[in-house]
Amino acid sequence: MDKSTLTASALNDFLGIPAILSSFADEKTAVEDADVVLMLQVAKGDHPAFETLVKRHQKPLLNFFVRMGAYSDSEDLVQDTFVRLYRYRERYQPTAKFTTFLYVLAHRVWADLGRKTQRRDRLSAGLQTEVETNSQTADVSSMPVMDVEAALDKLSDKLRDVIVLNIYQGLRYQEIADVLNIPLGTVKSRINLAITALREIFHEEQP
Amino acid sequence: MKNNPDHPVPGHDCRFHEDAARHFTGEIYLAEFQAHLKECPSCQEVGTVVQRLRSLPAAEPADNLTAHVLAAIQQPETKLARPQHHLWAAAAVVVIGLTAMSIWPFGKKTTEIIAQSTQPAVVAQNTDRSVQEALDWFCRTQEADGSWSPARWGGDPRFEVALTALPMLAILSANAEKTPQRVEVITKARQYLQSTCDRKGRFGPQFYGSSYSQGIATLALLSCYKNHPDQESERLLDNALTVIVSQQHANGWWGLGGNPQPDVAITLWQVEALKLAVELGWKNVQPHLTLGAKWVADHSHADSTPLKGLKSGGEVDYFRAYFATTLLKSANDESSRQRLASIRHTLLGKQVQRGNDSGSWTPDDRWGMAGGRLYTTALASLSLH
Chain A
1 MDKSTLTASA LNDFLGIPAI LSSFADEKTA VEDADVVLML QVAKGDHPAF
51 ETLVKRHQKP LLNFFVRMGA YSDSEDLVQD TFVRLYRYRE RYQPTAKFTT
101 FLYVLAHRVW ADLGRKTQRR DRLSAGLQTE VETNSQTADV SSMPVMDVEA
151 ALDKLSDKLR DVIVLNIYQG LRYQEIADVL NIPLGTVKSR INLAITALRE
201 IFHEEQP
Chain B
1001 MKNNPDHPVP GHDCRFHEDA ARHFTGEIYL AEFQAHLKEC PSCQEVGTVV
1051 QRLRSLPAAE PADNLTAHVL AAIQQPETKL ARPQHHLWAA AAVVVIGLTA
1101 MSIWPFGKKT TEIIAQSTQP AVVAQNTDRS VQEALDWFCR TQEADGSWSP
1151 ARWGGDPRFE VALTALPMLA ILSANAEKTP QRVEVITKAR QYLQSTCDRK
1201 GRFGPQFYGS SYSQGIATLA LLSCYKNHPD QESERLLDNA LTVIVSQQHA
1251 NGWWGLGGNP QPDVAITLWQ VEALKLAVEL GWKNVQPHLT LGAKWVADHS
1301 HADSTPLKGL KSGGEVDYFR AYFATTLLKS ANDESSRQRL ASIRHTLLGK
1351 QVQRGNDSGS WTPDDRWGMA GGRLYTTALA SLSLH
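Here the protein sequences come in this chain order: A and B. At the far end of the first sequence sits residue 207, using this note's numbering, and the numbering has no gaps. At the far end of the second sequence sits residue 1385, using this note's numbering, and the numbering has no gaps.
Some hints here could point you the wrong way.
[Claimed, not checked] In silico DSSO-like pairs for lysine-lysine, Cα to Cα no more than 30 Å straight-line:
1. B:Lys1294 x B:Lys1188
2. B:Lys1283 x A:Lys158
3. A:Lys188 x A:Lys154
4. A:Lys44 x A:Lys59
5. B:Lys1200 x B:Lys1329
6. A:Lys154 x B:Lys1200
7. B:Lys1350 x A:Lys154
8. A:Lys158 x B:Lys1226
9. B:Lys1283 x B:Lys1226
10. A:Lys188 x B:Lys1283
11. A:Lys154 x B:Lys1283
12. B:Lys1294 x B:Lys1226
13. B:Lys1188 x B:Lys1283
14. B:Lys1350 x B:Lys1329
15. B:Lys1038 x A:Lys59
16. A:Lys59 x A:Lys188
17. A:Lys59 x A:Lys154
18. B:Lys1283 x B:Lys1329
19. B:Lys1200 x B:Lys1226
20. A:Lys158 x A:Lys188
[To be verified] Some chain B residues near chain A, calculated using beta-carbon distances under 7 Å:
21. Ala1021
22. Leu1030
23. Val1046
24. Thr1066
I should point out that these hints are in silico values taken from the structure, not numbers from a laboratory. Each residue gets a CB set at the ideal place from its N, CA and C atoms; glycine is no exception.
With these hints in hand, go ahead and build the complete structure from the sequences.
Structure representation (structure tokens):
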């Protein structure tokens, strides 16, 4: 997808972020969070501090987008997330854990891009991989990986969101609630629904 | 999700049901749960699912990702550094762009029109009003079933699908789907087009010119999907694109049914549809877009056989005007701006100003016998906005 049109909407989206952050007010301010300290340095124009943040979080962010269903564009999405973070630096307030804020941005980048497009892309790539695997030598070790990816693709967007943030990104339920701006109880119920759905999917795939 | 009696839903009779997953992710720890786990198959299943999910290996970022990010933040806010794999999409646009530019074989009469230099700013002021009048005409003339009837407006009834899709494109491309009336018009037209699509993804009656219908209807529904994506449309478009791809000749072109000859006009519509499809995520049609665009590029000189069919004997050829303005709009040089303004000035002068047909264009070019007033009005409108 040509994302040249993404930038304008991305900038507009920033206008909504302070409102979301205000919902974090009841969280303990994480001033001792090393990332928060780095981000405050970035706000003062400290470039090396931003580079440190990028190096520290690029891999988790990349895996976030891959698990969400991105394929060829996953590194673009990481880049867009960091660009949004950088452009927000002067308005940044350490009212929440840094990673919570980072995933708010990442989730918005993902939502802006359009999940269906990414999923379709990924499914096509998966099918291609499957054809290549079958036509050459069967790589047994890769099969469980394909099963899990295919199972994630079958989840609805809402269920996939919570599973990725919890299982792969290691966010706690309350942090997920903050990132997605939903009640804690909704996070619980969605994770349980997702686990139930995945259990069914894995059972259905058994010979 | 259906229930499997052999594998009851976890936790229906388990007091740890709500928090079982949290135990396995380490968010909470209760010694009591560890004892419970040995006796509870449902909770064991939850653990198995979590363990299986975690079996996915982590992806590694490219070595230059940090450098890309640091370069991107130095860009002005409207220009993000784009990674290299986007270059193909840009190249495709350029190929199609250059192709259509060179395809524009300005006839003698048209050259004279273009020579009538008109100030772009003045023309721009008039085009918005003109387009709105055209769109109003379309809203007035839509049939109750959502179609536009070629028979009422001087066209060939067999092209009803294509001549319903063209007004849709005119409204959608003008970003005019804003008023309740136009939303309703587009909704009805979309439903009509979907109703004409069979299970294989083919639109309307199958005859020698149905390739027009296929390309233009697919393009119109892709434009709708771009604004309002839904699964039903996605499935239909999968099939419609499969038909387009299956009808492409090995050399990249498309033609009239039953006639093994390339047709530039038909090919350009299919290429436009494939281009939008790729932009919206149908990456699997990308090779066909490449092939089609290459064929057009290879046959774009004015003397090549396929292009002879595009030469116009009339004052304005609306089809050529549409493809030329599409490309001139993206050009930045003064010459292109002047050409664009001249074409638009000519089109503005031909719009009907009074009577029941006000806002439309009279079908007086070589394609008017087939497309009628719907064709000329849609393509003139598309050329103006």
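To see whether the hints hold, each was checked on the structure:
1. B:Lys1294 x B:Lys1188: It is violated: about 36 Å lies between the C-alpha atoms, which goes past 30 Å.
2. B:Lys1283 x A:Lys158: holds (25 Å)
3. A:Lys188 x A:Lys154: Satisfied, since the Cα-Cα distance of roughly 20 Å is no more than 30 Å.
4. A:Lys44 x A:Lys59: holds (25 Å)
5. B:Lys1200 x B:Lys1329: Violated: lysine 1200 of chain B and lysine 1329 of chain B sit about 36 Å apart, past 30 Å.
6. A:Lys154 x B:Lys1200: holds (25 Å)
7. B:Lys1350 x A:Lys154: violated (54 Å)
8. A:Lys158 x B:Lys1226: Status holds; Cα separation ~21 Å.
9. B:Lys1283 x B:Lys1226: holds (15 Å)
10. A:Lys188 x B:Lys1283: It is violated: about 36 Å lies between the C-alpha atoms, which goes past 30 Å.
11. A:Lys154 x B:Lys1283: holds (20 Å)
12. B:Lys1294 x B:Lys1226: Measuring from Cα to Cα gives roughly 26 Å; hence the hint holds.
13. B:Lys1188 x B:Lys1283: holds (29 Å)
14. B:Lys1350 x B:Lys1329: holds (21 Å)
15. B:Lys1038 x A:Lys59: Violated - the C-alpha atoms of lysine 59 of chain A and lysine 1038 of chain B are around 36 Å apart, more than 30 Å.
16. A:Lys59 x A:Lys188: Holds, because 27 Å separates the two Cα atoms, which is no more than 30 Å.
17. A:Lys59 x A:Lys154: With Cα atoms ~25 Å apart, lysine 59 of chain A and lysine 154 of chain A stay inside 30 Å; holds.
18. B:Lys1283 x B:Lys1329: Holds, at about 26 Å.
19. B:Lys1200 x B:Lys1226: holds (22 Å)
20. A:Lys158 x A:Lys188: holds (12 Å)
21. Ala1021: holds (5 Å)
22. Leu1030: violated (15 Å)
23. Val1046: Holds. Min distance 6 Å.
24. Thr1066: holds (5 Å)
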